[in-house]
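Student: Given these sequences and hints, build the entire structure.
Chains G and W are the protein sequences, given in the same order.
Start counting the first sequence at 68; every next residue gets the next number (this note's numbering).
Start counting the second sequence at 9; every next residue gets the next number (this note's numbering).
Simulated from the structure, these hints should not be mistaken for laboratory data.
Predicted model only: the values in this text are computed from it and were never measured.
Just so it is clear, CB atoms sit at the ideal spot from N, CA and C, and this is done for glycine as well.
Keep in mind that the hints are not guaranteed to be accurate.
[As the list claims (entries may be wrong)] Selected chain G positions facing chain W (Cβ under 8 Å, derived; list incomplete): (1) Lys87; (2) Ser95; (3) Cys107; (4) Asn121; (5) Leu133; (6) His136; (7) His242; (8) Ser249; (9) Val251.
[Claimed, not checked] Simulated restraints on C-beta separations: (10) W:Asp50 with G:Glu101: 13 to 23 Å; (11) G:Tyr152 with W:Asp16: 25 to 35 Å; (12) W:Gln37 with G:Tyr150: 47 to 57 Å; (13) G:Tyr152 with W:Glu43: 51 to 61 Å; (14) G:Glu363 with W:Asp50: 47 to 57 Å; (15) W:Ala26 with G:Val142: 54 to 64 Å; (16) G:Leu397 with W:Gln86: 33 to 43 Å; (17) G:Glu468 with W:Thr57: 30 to 40 Å; (18) G:Ala333 with W:Ile24: 35 to 45 Å.
[What the hints assert, rightly or not] Computed list of lysine-lysine pairs in DSS-like fashion (alpha-carbon distance at most 27 Å, straight line): (19) G:Lys377 with G:Lys399; (20) W:Lys27 with G:Lys148; (21) G:Lys377 with W:Lys35; (22) G:Lys295 with G:Lys324; (23) W:Lys103 with G:Lys377; (24) G:Lys499 with G:Lys448; (25) W:Lys40 with G:Lys364; (26) G:Lys148 with W:Lys44; (27) G:Lys239 with W:Lys95; (28) G:Lys377 with W:Lys95; (29) G:Lys148 with W:Lys39; (30) G:Lys434 with W:Lys27; (31) G:Lys377 with W:Lys40.
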Amino acid sequence: MRKEYETVIGLEVHVELATKTKIFCSCSTEFGGEPNTHTCPVCTGMPGALPVLNKQVVEYAAAVGLATHCTITQVHKFDRKNYFYPDNPQNYQISQLYLPICRDGYVEIELSGENDQKPEGNPGTENTARTENTSGAENNSGAENISGTEIDRAMRKKIGIHEIHMEEDAGKLVHDDWSDCSFVDYNRSGVPLIEIVSEPDMRSAEEVIAYLEKLRMIIQYLGASDCKLNEGSMRADVNISVREVGAEEFGTRTEMKNLNSFKAIARAIEAERERQIDLIEAGEAVIQETRRWDDEKEYSYAMRSKEDAKDYRYFPEPDLVPVVISDEWLQKIKDSLPEFQTEKLSRYLKEYEIPLYDAKIITGHKKLADIFEAASELCKKPKKVSNWLMVETMRLLKEEEMDPEDLTFSPKNLAGLIELTEKGIINSTVAKEVFEKIFHQDVDPEQYVEEHGLKMVTDDGVLLQTIEKILQENPKSVEDYRKGKEKAIGYLVGQTMKAMRGKADPAKVSQILKEKL
Amino acid sequence: MVENRITDETMEYVGILAKLKLSQEEKEQAKKDMEKILDYIDKLNELDTDGVEPMSHAFDLHNVFREDRVENENQRDQMLSNAPEEKNGSFVVPKTVES
Ligand SMILES: [Zn+2]
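Tutor: Here it is, written out as structure tokens:
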């Protein structure tokens with residue numbers, strides 16, 4: 068019989084910071100420009116060019132460190148990591164090895180508590196039900212306690228952060244299929260990154276994804292990055308090893324690259340766990356190597372290391388002077404930290420009468436929270452706003468396979484739509500149709516409704532006439548209804564709505580019909 | 009006479025790291041040069057540096073920053089003018105595929 072194994076996972080997460088300029092030069096970081104239009108002597112590695120540090124990078128990195136309970140290294144420096152590759156024009160990358168800006172932090176993740184892969188007695192995991200996160204629910208009678216059981220069962224676990232350091236991104240290589248050439252675009256070269264190195268504290272794909280989602284949420288709340296995995300502004304390299312349950316020593320680990328979605332990460336972890344266990348069971352050794360995940364084939368292969376000995380010959384960067392973060396500066400950064408999810412959640416439960424479940428989902432994404440607050444402020448109907456976000460927005464996001472962070476519609480237009488429905492200018496069917504337009508094209512609802520003639524007909528004369536006509540055309544239904552078949556009215560309402568091309572209030576139609584009959 | 013010896017393996021390894029292909033003659037010369045450098049470092053190591061902070065800069069400066077403001081215009085043509093080869097606004101290099 069196969070032995071019991073546990074998977075040990077640590078992550079290296081690269082996050083592109085949302086600065087306007089690169090880390091060491093005043094070139095724009097804007098995405099999608101023509102190749103090499105955002106370059107200068109510094110970021111193309113011209114001899115003699117000198118880097119000058121972007122202050123905002125230090126502030127973002129420190130803010131992420133503070134938000135993840137790290138100790139900030141108040142005197143820190145940069146180092147040179149040497150390697151040759153055409154995407155790296157200087158033949159070295161400026162990074163931090165000896166004195167990274169942040170160290171020894173953690174993020175707390177919430178798990179469903181039904182993780183069968185986790186062996187018992189996993190240190191660091193404890194069932195601390197009903198912690199501070201839910202306190203808002205108890206003193207808010209208006210909140211439905213939908214997630215009561217979910218919270219009871221939730222396990223909390225701290226994932227350690229070993230360090231966070233600042234570094235520069237590389238350029239982009241495009242390969243020509245028809246020639247023996249590659250083309251290099253240095254627009255991304257020098258874009259600021261932070262690398263967040265976790266401790267090997269995770270034991271399953273579920274924990275890894277919970278950790279990444281938490282990190283992403285924190286960083287998005289800080290506005291330090293948009294953290295899009297599919298666009299590469301957040302990238303995760305996963306270090307995986309397996310060991311027999313109860314073993315003290317870690318097994319040999321491999322590093323998995325090219326993971327562009329949470330699903331790919333989960334699949335890659337599963338596959339690599341199985342691959343390593345198979346090797347061990349067959350009496351073979353796991354080789355420490357970097358592997359590349361092919362998500363379509365659901366298979367990973369070892370990356371050729373050929374002449375590339377992993378010897379980066381780091382040394383202190385002579386072109387940059389040390390950074391000293393004074394106590395005052397550090398305090399300023401602390402003071403500027405925004406309201407995070409936990410605080411936002413309890414405020415929502417107090418300020419807006421929305422269900423706990425909705426508040427959790429909305430505060431779980433900075434973008435949703437921003438839209439919610441702005442739209443509620445405009446239309447003063449937080450419950451309606453929450454409803455549009457929870458139902459239609461979620462449905463469309465799922466349909467389009469989009470992330471809440473990809474939302475582009477303005478809160479103003481959502482608020483406008485809510486006002487139109489509240490005033491009875493459009494009915495709910497039309498509202499849904501208009502919302503789809505807002506979702507996709509951010510149309511102005513009032514103008515759209517006007518232009519497409521979607522206003523409800525408020526002229527009772529027209530409605531009465533139509534109803535008369537429908538009654539004449541459907542004697543069978545009329546008779547059925549009079550005989551006590553209540554359902555027949557539904558058909559008549561439907562026919563009337565159809566004749567009115569959806570521009571009537573179904574409740575009103577039903578009421579008039581009943582009166583007539 | 010040199011104290012330090014550079015072995016053939018070390019020479020090979022350093023060549024790989026530096027992406028240099030050297031002739032046998034050049035290798036022998038490089039070995040001698042490196043041995044001399046290492047001897048010189050040994051000499052420096054005789055100094056007692058206990059309690060001395062490693063120095064990475066000659067000047068006692070810190071916190072030299074830029075504000076986060078875009079100041080560089082598109083200067084692609086100038087950047088590409090140094091390239092041995094360019095095409096469609098990109099630098100052309102021998103095909104390099106990570107695999
Ligand atoms: Zn530049």
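Student: If a hint holds in the structure, say so; if it does not, say that too.
Tutor: Results of checking the hints against the structure:
1. Interface restraint check for Lys87 (chain G): the shortest CB-CB distance to chain W comes to about 5 Å, inside 8 Å, so the restraint holds.
2. Below 8 Å, beta-carbon pairs count as interface contacts, and Ser95 (chain G) has one with chain W at about 5 Å; its hint therefore holds.
3. The interface hint given for Cys107 (chain G) holds, since its Cβ lies 5 Å from the closest Cβ of chain W, which is under the 8 Å cut-off.
4. Hint status for Asn121 (chain G): holds, given a least beta-carbon distance of 5 Å to chain W, under 8 Å.
5. Interface hint status for Leu133 (chain G): violated, as the beta-carbon distance to the closest one in chain W is roughly 19 Å, over 8 Å.
6. Look at His136 (chain G): its Cβ only gets to about 25 Å from chain W, farther than 8 Å, so that hint breaks.
7. At a threshold of 8 Å, the smallest CB-CB gap from His242 (chain G) to chain W is about 6 Å, leaving the interface hint in force.
8. At a threshold of 8 Å, the smallest CB-CB gap from Ser249 (chain G) to chain W is about 5 Å, leaving the interface hint in force.
9. With 8 Å as the threshold, the beta carbon of Val251 (chain G) comes within range of chain W, its nearest partner Cβ sitting at about 4 Å, so the hint holds.
10. The supplied range of 13 to 23 Å is broken by Asp50 (chain W) and Glu101 (chain G), whose beta-carbon atoms lie about 53 Å from each other.
11. A hinted range of 25 to 35 Å holds for the C-beta pair Tyr152 (chain G) and Asp16 (chain W), which are about 27 Å apart.
12. Between Gln37 (chain W) and Tyr150 (chain G) the Cβ separation comes to about 26 Å, which falls outside the hinted range of 47 to 57 Å.
13. Our hint of 51 to 61 Å for Tyr152 (chain G) and Glu43 (chain W) is violated, since their Cβ atoms are close to 30 Å apart.
14. Checking the proposed 47 to 57 Å range against Glu363 (chain G) and Asp50 (chain W) shows it holds: the Cβ atoms sit about 55 Å from each other.
15. Here the CB-CB span from Ala26 (chain W) to Val142 (chain G) is close to 33 Å, at odds with the stated 54 to 64 Å.
16. In this structure the hint that Leu397 (chain G) and Gln86 (chain W) lie 33 to 43 Å apart at CB holds, the actual value being about 40 Å.
17. Judged by the Cβ atoms, the range 30 to 40 Å given for Glu468 (chain G) and Thr57 (chain W) is violated: they are separated by roughly 59 Å.
18. The hint said 35 to 45 Å for the Cβ distance between Ala333 (chain G) and Ile24 (chain W), and at roughly 37 Å that hint holds.
19. With a C-alpha separation of about 40 Å, the suggested pair Lys377 (chain G) and Lys399 (chain G) falls outside the 27 Å cut-off, and the hint is violated.
20. About 16 Å separates the Cα atoms of Lys27 (chain W) and Lys148 (chain G), which keeps this hinted pair within 27 Å; it holds.
21. Annotation: proposed proximity of Lys377 (chain G) to Lys35 (chain W) holds, straight-line Cα distance about 23 Å (limit 27 Å).
22. Pair hint Lys295 (chain G) plus Lys324 (chain G) holds up; C-alpha atoms about 16 Å apart against a cutoff of 27 Å.
23. This hinted pair checks out: Lys103 (chain W) and Lys377 (chain G) have alpha carbons roughly 21 Å apart, not beyond 27 Å.
24. With a C-alpha separation of about 17 Å, the suggested pair Lys499 (chain G) and Lys448 (chain G) falls inside the 27 Å cut-off, and the hint holds.
25. Restraint check: the Cα-Cα separation between Lys40 (chain W) and Lys364 (chain G) comes to about 51 Å, which exceeds 27 Å; the hinted pair is violated.
26. Between the alpha carbons of Lys148 (chain G) and Lys44 (chain W) the distance comes to roughly 26 Å, so the proposed pair stays at or under 27 Å and holds.
27. Between Lys239 (chain G) and Lys95 (chain W) the alpha-carbon distance is near 15 Å, which keeps this suggested pair within the 27 Å criterion.
28. The hinted pair formed by Lys377 (chain G) and Lys95 (chain W) fails the criterion: a straight-line CA distance of about 32 Å is larger than 27 Å.
29. Under the criterion of a C-alpha separation no larger than 27 Å, the hint pairing Lys148 (chain G) with Lys39 (chain W) is consistent with the structure, at around 24 Å.
30. Restraint check: the Cα-Cα separation between Lys434 (chain G) and Lys27 (chain W) comes to about 47 Å, which exceeds 27 Å; the hinted pair is violated.
31. For the given pair, Lys377 (chain G) sits about 26 Å from Lys40 (chain W) by alpha-carbon distance, which is consistent with the 27 Å threshold.
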